[in-house]
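Using the hints, put the two chains back together into the complex; each one sits in its own frame.
Read off the chains here:
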Amino acid sequence: MSKFAKKKDAGLPAVNTASLPDIVFMLLFFFMTVTVMKDNSLKVENTLPNASETKKLEKKDRVIYIYVGEPTSQYKAQFGEEARIQLNDKFSSPNEVGDYILQERAKKPQELQNVLTTALKVDKNANMGLISDIKQQLREVNALKVNYTTYDGDAFNNLQ
Amino acid sequence: MSRRGGPAEVNAGSMADIAFLLLIFFLVTTTIETDAGLDRMLPPIEPPTEEPPVIKEKNIFTVNINRNGQLLVEDELTDIKGLREKAKAFLDNGGAPSGSPEYCSYCKGKRLSESSDNPAKAIISLKNDRETKYGTYITVQNELVGAYNDLRNREAQRLFKRDFTDMESEYLNPETEASRKEDLKEKVKRIQDLFPQKLSEAETGSSN
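These protein sequence lines map, in sequence, to chains A and B. All residue numbers for the first sequence refer to the UniProt record's numbering, where the first residue is 1 and numbers rise by one. All residue numbers for the second sequence refer to the UniProt record's numbering, where the first residue is 1 and numbers rise by one.
One chain only, chain B, in its complex shape (with noise of 0.2 Å):
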């Protein structure tokens, strides 16, 4: 044999290869997932001797979902996709007088007597059945949060000249330095405080 300098190399060429494969298979199979989701707060168990606040009815927007899913808003059977609307045009009514303490300048509603005074004062009660479809419950839970964003999005781009849930969302985020938090904190705070989410849910009722 002709052969020299020892034995002949492994040829490693195809190790690339596999490895490639291993890490194509990691990458496919693992997700680096975040949860995302609807944040809500639920109300604390009052003590039982409090009496409940009196609140105006034409401060409340009620909303009941029965068990086929059909809404029940205002008294009026509504369609679903209908509820965004008529839950800004609710909350955005503004209907004190100008002058009283309870007046409302940003808001631009019809100013109608019979709905609310100010949005901090309006209510949205959501009612829901036993046996109503948790997709459905959520559907109505997006708008409702949906149309509170809507309406704070038109004001912080009004004040800010940015939209409220991109602030938000930039708040949130841990990876944001502290200084532009302190910053950030005083303007969400400033919009949350224009329309306060008042979100009541009463006690599920198997009735109806």
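Just chain A, same shape as in the assembly (with noise of 0.2 Å):
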């Protein structure tokens, strides 16, 4: 009759959801940008061992990596079962860790070089003769600060 008189059976009208797929990517994008993939593959087994006490490595950009453990299966044939060392992208001797030391300090910032971090991720099954060759080479390059990466727990797990 009247013009304002109600409607029956119109209901609660849908919620337009149009721009949900927008909002979805853009936090899609944000995960995109904001996370890191790994740069380099590892080319040798790293189980770390576990630890209690540790401390946060904060500051990626100060840090030196340095991998050690046995090869992964498909380089054991040309490498052995041997641990050895994966610097960068490629196995080395005990005897080059020093120049890529100090190759890698040389292309950080000038005001980082005396602040840089060695952070060593050896495989638990390593043995240490093989840390303590690396170790002394740090010390000949001066890189006195070390950090053995470790997971999070209990460090008894790591005599099994």
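By construction, these hints were calculated from the structure, which means they are not laboratory data. Glycine included, every Cβ here is placed at the ideal spot set by N, Cα and C. Check each hint, because a few of them may be wrong.
As the list claims (entries may be wrong) - Calculated from the model, a selection of chain B residues having no Cβ within reach of chain A, i.e. all distances over 10 Å:
hint: 1; residue: Lys58
hint: 2; residue: Ser125
hint: 3; residue: Arg154
hint: 4; residue: Asp163
hint: 5; residue: Asn173
hint: 6; residue: Lys185
What the hints assert, rightly or not - Which chain B residues face chain A? A few, computed with CB under 8 Å, are given here:
hint: 7; residue: Thr132
hint: 8; residue: Lys133
hint: 9; residue: Val145
Said to hold, decoys possible - Pairs of lysine to aspartate or glutamate residues, derived as DMTMM-like cross-links and limited to a Cα-Cα distance of at most 25 Å, are as follows:
hint: 10; chain 1: A; residue 1: Lys56; chain 2: B; residue 2: Asp183
hint: 11; chain 1: A; residue 1: Lys56; chain 2: B; residue 2: Asp166
hint: 12; chain 1: B; residue 1: Lys187; chain 2: B; residue 2: Glu155
Here is the structure:
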């Protein structure tokens, strides 16, 4: 009858979801840009030991990584079963570590060159002999700050 | 046909699902990893002419790891689980008699005259074999650092009602404000001076 008579069966209008994809894409792009993909592929087994008294390794730009462990299965035939050192993308011998540190150090900005940390990512089954050689090399190039990278956990799990 | 108003709209309802799928994929596969580990300082190479400083035998706590992962602590075969307590007892001993300049007023140890005089003098010497497993070495390092941290926490609780490890991680966190950092720096330094970390690592032997 009148113009203002209530419509009967209209119900609630559906919420417009047209902008939902945009929101989700925004989130997606945020994550894609913020997260960093691993920059070098590991060629060695790298099961780190556990430790409980750890400190976080802040500021990634002042860290140099050294990986140690047995070559993974596809490299076993070529490089053997013994634990090896991986620097950047290739297997190296202990006496190349010093040069590598100097090279990496030269790449960093001047003001960071004195505060660099060397992160040793060593497989828990590696022998200490190799680690000692690396430590000796690090001492020779005066890279004295090291971080034995570990997983958080009970240290006694390492003994099994 | 009764249809009016141009071609039908493409249904975009499933677009959100697709985008969610991608989002979840990225969330699952990427790890925002922050590495953590044991921080250590290596000793600088000394000029060969320099005479090594003389240190009293009782101020050195020797830990030897053999190739089978067994521990020899102060010439005694020890289980690795007992290492932390032993190291704490040694560091906290405070054996110097009261009145002497080396007297340790905050030590709560047994004050044995044959163990360390003062935490500032106490040195832990760690020696390992070339064949020792890295995992074992890290466990030992962890226990020794843990012994220091336990003692430092105790003193920090007494002086500042807060754990030392907690203060230190806040101090090292880059997001902490500068003014707070100044304050924390002093406290951290003070606790570190009470129990300075003196962990010496001998060059690895291959003999035993």
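Against the structure, the hints come out as follows:
1. Every CB of chain A is more than 10 Å from the CB of lysine 58 of chain B (nearest about 26 Å), matching its label as outside the interface.
2. With 10 Å as the threshold on Cβ separation, the claim that serine 125 of chain B sits away from chain A holds: the shortest Cβ distance comes to roughly 15 Å.
3. For arginine 154 of chain B, the condition that its CB be more than 10 Å from all CB atoms of chain A holds, with the nearest at approximately 15 Å.
4. The claim that aspartate 163 of chain B lies off the interface holds: its Cβ sits roughly 12 Å from the closest Cβ of chain A, which is beyond the 10 Å cut-off.
5. Distance check on asparagine 173 of chain B: its Cβ comes as close as 7 Å (rounded) to a Cβ of chain A, failing to clear the 10 Å threshold; non-interface status is violated.
6. Annotated as non-interface, lysine 185 of chain B keeps its C-beta farther than 10 Å from every C-beta of chain A; the closest such distance is 16 Å.
7. Restraint check, threonine 132 of chain B versus chain A: the minimum CB separation of about 4 Å is within 8 Å; hint holds.
8. Against a cut-off of 8 Å between C-beta atoms, the interface hint on lysine 133 of chain B holds, since the closest Cβ of chain A lies about 6 Å away.
9. At a threshold of 8 Å, the smallest CB-CB gap from valine 145 of chain B to chain A is about 4 Å, leaving the interface hint in force.
10. As the CA atoms of lysine 56 of chain A and aspartate 183 of chain B are separated by approximately 21 Å, the hinted pair is consistent with the 25 Å bound.
11. Straight-line distance between C-alpha atoms of lysine 56 of chain A and aspartate 166 of chain B comes to about 12 Å, which keeps the hinted pair within the 25 Å bound.
12. Straight-line distance between C-alpha atoms of lysine 187 of chain B and glutamate 155 of chain B comes to about 11 Å, which keeps the hinted pair within the 25 Å bound.
Going through the hint list in order, the structure does not satisfy hint 5, though it satisfies all others.
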